Amino acid sequence: MQYTVGSIAPIFLAPVIAFIINAFFGRKLPRNGDWLAVLSIFVSFVFSARIFGDFVFGQFATDYYIHKTFNWFDLSFGTHIFKVDMGIYIDNMAAIMLLMVSGIAFLIHLFSTWYMDHDSKHGRFFVFLPLFTSAMLGLVLSDNLLSMFMFWEVMGFCSYSLIGIYNEKEKAGDASLKAFMTTRVGDVFLLLGMVAIWMVIGSVSYVDIYSAIAQGKFDGQMVLGISFATFTAICIFLGAMGKSAQFPLHVWLPDAMMGPTPGSALIHAATMVTAGVWLSLRMYPLMVLGDITWFIAVIGAITAFGAATIAMVQTDIKAVLAYSTLSQLGYMMIGVGVGSYNAAFMHVITHAFFKACLFLSAGSIIHSVHEQEMPKLGGLKKYLPYTHFSMMCCTLAIAGIPFFSGFVSKDRILGDALYYGFMSGQNPLLAIVPILGFAGAGLTAFYMFRMMFLTFYGENKMHHDDHGHGHGHKDSHGHEAHGHDIHQEHLDFRSNVPLLILAVFTLGFWFAGNVAGQGFGNMFGAKNEWFKILVEAPKVEKFVERANQPFGSVDSRDTTELPKAQYHHQSGYAGPNPDDHKLHTAHVVGAGLSIVIAFLGVLIAFLMYIRKSIKPLASTFPGITALLKAKYNFDHFYVDVLIKQGLFGLNRFLAWFDMGVYDRFAIDGMATVNRVIFKASKWFDNVVIDAIGVDGTGVAVNLFNLVLRIFQSGKIQFYFIMLVMVLASYIWTLNI
Amino acid sequence: MNQTVVSYLAQYEFFDSLLALFGGNQGLLTFVIFMIFCLAIVGMCATIGGLGTYAERKISADIQARIGPNRVGPYGILQFLADGVKMMTKEDVMPFSADKFLFYLAPMLALVGVFATLAVLPFSTGFTLSDMNVGIFYLIAISSLVGVSVFLGGYASNSKWSMLGGMRGASQIISYEIPVTISILAITLLAGGMGFGTISAHQRGLPTNWFIFHNPFSFIAFFVYFVGALAETNRAPFDLPEAESELVSGYHTEYTGMRFGFFALAEYIEVFVVCGVGAALFLGGSNLPVDLSFDIIPLQLVEVVIFMTKALLLYYVVIWIRWTFPRLRVDQLMSICWKYLTPIAIFNLVGCAIWVVLFNGKSVAQLLMGGGH
Amino acid sequence: MFLQVLFLLSATLTIGCGIAVAVTRNLMHSCVFLLGTLIGIAGLYATLGADFVAVTQIMVYVGGIVILMLFAVMLTGGKDFVSRAQNLLGLAPSMGNKWTFALSGLVGVVFILTNVKLLMSVASSLPTKEINNELPSTVNEIGHLLVKDHVLAFELSSVLLLGALVGAAIIARPRKQ
Amino acid sequence: MISLTSYLLISLFLFVLGLVVMIARKNIVAILLGIELILNAAALNFVAYSRYVTNNLDGHVFSLFIIVVAAAEAAVGLAIVIRFFQIKESTHIDEATQLRN
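Chains as they are written, first to last, in the working numbering: chain H, 22 to 757; chain C, 7 to 379; chain L, 44 to 220; chain F, 977 to 1077.
The shape of chain H in the complex, shown without the other chains (with noise of 0.2 Å):
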């Protein structure tokens, strides 16, 4: 199969277009060119179909890919060599991602024709949500660090607007400004970290940088004391860390739920959080050679727990999300820190298929009763059947529930972590990882039900009220809340029906190629493990020899070398190797403990919510609550300390310093001085300086004058004639 970029490039080029004319003359179309949007992603849809199609299911080894690149520009001369190439590199990652991108943002899109209907900001809407998915199939299509850059900022741009889309708000327009600005500090190391990889190499192309790994090129060279891999890695993964949301860089996410519920669902599931991930996965052979997974793994593990631990105090719907978000998120680090390669990919698509669905079905929620904290809502089941029915698959999904896709792809993280905490004789401290993983896996399956119980279960608030206070009452986010009927779902292409596709692809088979999902049960004869075989980390010695050989080349390899006929032959995790036992065990254990845990946070929320058996956790530790509650204080961290105490404090000190101690000893001191210095000075400026050498030098000056005058005339004719009198009596002096 010959690819040409005619047959790629509409992935990326027909969302662009949407967006140039919505931009343009949107306001002139019909509907604002919403339609405009969603025919220019199916068309991406088509298009990464039909590679998907090729990568997956035909005949190509499973190391293959297209790799084209065109000369951007070239400013070489001599021996000084400058030119930087753009191009596309689509390997078996790529292609997945390019359909999960765009299948989710094609739906995503038509769900928000439903959702955005009437709004004020739907023209504006449709203008981002076009460039924002074209920025991420970009980015995937990316062969080089410097275009996947510049799609990342674009998608940062987008972000900004969507987040702020309602900008008469100000609290969105601040979420927006944060979401941005959080960013950016990642986006410097990573802008840095690409300098000092072009520095070294002299190219930013993920083939370049692989095949230097493999030649050694990063080996021996320094920076600032630490070796030159470690840094360049560092910042790297400091720039996948402010866009997807780690640690010390997550507090931007949570507040990036003021934008309108699809935009949120395109931003969390399928495109800005995970190109943090995704560049982490594509730098991996970096992350390995710097030596940083352990870093990246407690990173993880930490946003994986605490994020989880907040969630489960938010009264909000999408906060829950955006902090479950932030958690898998987690999950998906700790899968690249452990080297759970292909399991952290997997987690990727799983996520954003789930994820997209809960974030779609609360945005189905929020549409239908214009209420989004959870305290108000509840007995919603009868009303919205459809999106009960999508949202609690999506919950079990994201809980680790059996037979769901979460199960399959977590749990081989969890796997792998407990692996690396406890088998594989890494640091004892490192065991951290898989115990606040397996901690959180428990607290997601806990949270994610509290939400559904108090959403679709219990009795009916809302419609209580309804009767009790009539008609006409605001709520604080100004929508005319309870005075709203509760409309009867009904299937609708736009709005229920994308949320049930989505449900369908929680199922875990999609994904593991069996029912259980860990490897056990191969059903329909279908290809076992398509995910592990297709998806590995890059092996860079492969890259040698590639990078040598012109690109436009690439291509026309012998594509049948390894067909994927061994599908059908390998499957489990035996070897003869004695870790692979291991790891076996890891994962057997794995397994059972997080079907343990999640079924016990269920039974917990269970009791809690729908039993009422056990009080709720706000009255149990209310001063843990409060801390929760308070997101672990980290924006006040931020604000009020780094920036008020640290800054202020130090704008204290240094006005204090000002003040008290420069200007009362060093200035009033100096005056003291000078005064007495002056009565000296202005004898002697008197008597020398006035009488001899100003007058003195004024008479000087004056016979000077009477010469110079005639040449400073100022006219600037004379001065040119001068010039050229001056030029000839040089060369007259010249003796040739």
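I should point out that these hints are in silico values taken from the structure, not numbers from a laboratory.
Owing to the predicted nature of the structure, the values given are computational and were not obtained by experimental measurement.
Built from N, CA and C at the ideal position, the CB exists for glycine as well.
Take these hints with a grain of salt, some might be off.
Residues from chain L shown here face chain C by an in silico Cβ test under 7 Å; the list is partial [as the list claims (entries may be wrong)]:
no.	residue
1	M44
2	L46
3	V98
4	I101
5	M102
6	G106
7	L113
8	F144
9	L149
10	S180
11	V182
12	E184
Distance ranges between label pairs, derived from CB positions [what the hints assert, rightly or not]:
no.	chain 1	residue 1	chain 2	residue 2	range
13	H	L50	C	R72	42 to 48 Å
14	H	E174	C	L373	48 to 54 Å
15	L	L208	F	N1032	28 to 34 Å
16	H	E174	F	K1064	25 to 31 Å
17	F	N1032	H	H101	19 to 25 Å
18	L	F45	C	F20	21 to 27 Å
19	L	K141	H	F725	56 to 62 Å
20	C	L373	H	P51	26 to 32 Å
21	L	N69	H	I38	55 to 61 Å
Here are some chain L residues pointing at chain F (derived, C-beta under 10 Å) [what the hints assert, rightly or not]:
no.	residue
22	F50
23	N140
24	N158
25	L189
Add chains C, L and F to chain H, keeping to what the hints say.
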């Protein structure tokens, strides 16, 4: 070496006998041939310019349901000769306070600027006086002499109306040169050369190969060019420099007799030239719709007829526009140029560049039919 | 033959109009003669085979600079007034008088002598290249040179032009005092 | 045959004419005319050397850049002249001596 009419004729056998007639003096023969063709083309264009005044009056009469000139000759077709005779016999008035030198110079410059452009106008593939490789660039450059002449004419007359007309004219011509040049630049980008021969060779064959149909951007470029050309030649609805209701007659208010005739003639010939350029750049020029492998002199005459037909059709549209649209205001004129035409032209240029890169310079038709050379 | 004729015509136009620029009393006429000089130089370029430069010369100068000059002359009047400044070489009218011309002629003679001295020494060492009469098109090669060897100067000149455009617009705009 | 010397002489003569205009004239616009003459003389030299001495077209490119610089110079120069005229109501060069004292 640039292709000229002489180097075209030199490939035929009768050229050698002609050379023998001149005693082997090739320089003299070249000179004579050039002389003959120059005279023929200038004469033809002057006639077209003269007939232009007649066409203007006749078409306007047609549009306004009148009869128009009908006394001199059949259908009044010799009216322009009568007008010419009238102009020559008129007194040559020189305003007392005019700047004599510039007053005499201005109409000459106008004629020089217009006639100089005829040197590269591609009447046919062979009968082009000089098909230089910077042809279109040269044409744009030399025709800016007209702007100078308009300004000088207005200035030298030392009259308020003339002055205002001259200033308006000069600023209008300078401004509209920009979108016109940029839209022509888009065509040179497609053709890969600035010579009319190169541009014409790219449009050989069916009308689908014409540059106007080459891609969406060149389609827009044609209209940008046409509007800009209307303004550059001071034609309605952009005829502000000679707006009768405001400025009497603009920069040539004080001119009488044949000097006025020069200005009028220059204007009409310039309209013909820009129409010809539009035909050559966008509408396939003098190409036959079929690709013939041989080349004979009568075929060249057919090509001349094709070129003239296209140019005169555009000429008709120009006159038609003049009697259809009302005149613009000065601020509208400038805002059309700077806020609309120039950005559109730049957009077209970029679009054409992207098109050339993306589709290897193939036209829409070639892409659709999957063909291409 | 043709080249010689063109050269003679262009040289005559250049020098004749150049002299006219120098000696005409009327600034407007000077500008028009400058136009003649510039067209003559374009002709000289053409005899040197520099077709692109020649046409660019006409394009920029005739279409732009000369009209700009004419506008400036018209807006500033170009009157022949006497300066009020009392200094060396003061008291000259706007277009110069015999003293200023004498002085400039002196400077010119000095310059010519200097140049001739310089050229005499260089002339013998100039490489004599065989000149062929074919004048190939320079457009393609100039295009390549502009975007390859001289790309920095090319880009900088675009910045320069933009700066000049903005600067001119800002400087010439009347400010409210 | 036309030689390099003839071009050099023309350009020298043109340069001197520009010099004369620049020195003898007191009108700023006229001085700008002189500058144009001088720039053109230089550009002509470049092209002439490019044909007769070197084998490449760098001289052409240089004269193109000279034309560009001349255009920028004329635009800014004339803007300054017009501004000067608005302030002083004169374009006499000897009026522009405010920095002298």
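Structure-based check of all given hints:
1. M44: holds (5 Å)
2. L46: violated (11 Å)
3. V98: holds (5 Å)
4. I101: holds (4 Å)
5. M102: holds (4 Å)
6. G106: holds (3 Å)
7. L113: holds (6 Å)
8. F144: violated (21 Å)
9. L149: It is violated, given that the least Cβ distance between L149(L) and chain C is near 30 Å, above 7 Å.
10. S180: holds (4 Å)
11. V182: Status holds, d = 6 Å.
12. E184: Since chain C brings no Cβ nearer than about 12 Å to E184(L), farther than 7 Å, the hint is violated.
13. L50(H) to R72(C): 42 to 48 Å: holds (46 Å)
14. E174(H) to L373(C): 48 to 54 Å: Distance hint for E174(H), L373(C) is violated at roughly 34 Å.
15. L208(L) to N1032(F): 28 to 34 Å: holds (31 Å)
16. E174(H) to K1064(F): 25 to 31 Å: violated (51 Å)
17. N1032(F) to H101(H): 19 to 25 Å: holds (21 Å)
18. F45(L) to F20(C): 21 to 27 Å: holds (23 Å)
19. K141(L) to F725(H): 56 to 62 Å: About 33 Å separates the Cβ atoms of K141(L) and F725(H), which means 56 to 62 Å is violated.
20. L373(C) to P51(H): 26 to 32 Å: Given about 29 Å between the Cβ atoms, the range holds.
21. N69(L) to I38(H): 55 to 61 Å: Check passed, 59 Å falls within 55 to 61 Å.
22. F50: OK, holds: F50(L) within 10 Å of chain F, min 5 Å.
23. N140: holds (8 Å)
24. N158: holds (6 Å)
25. L189: At about 6 Å, which falls below the 10 Å cut-off, the nearest Cβ of chain F leaves the hint on L189(L) intact, so it holds.
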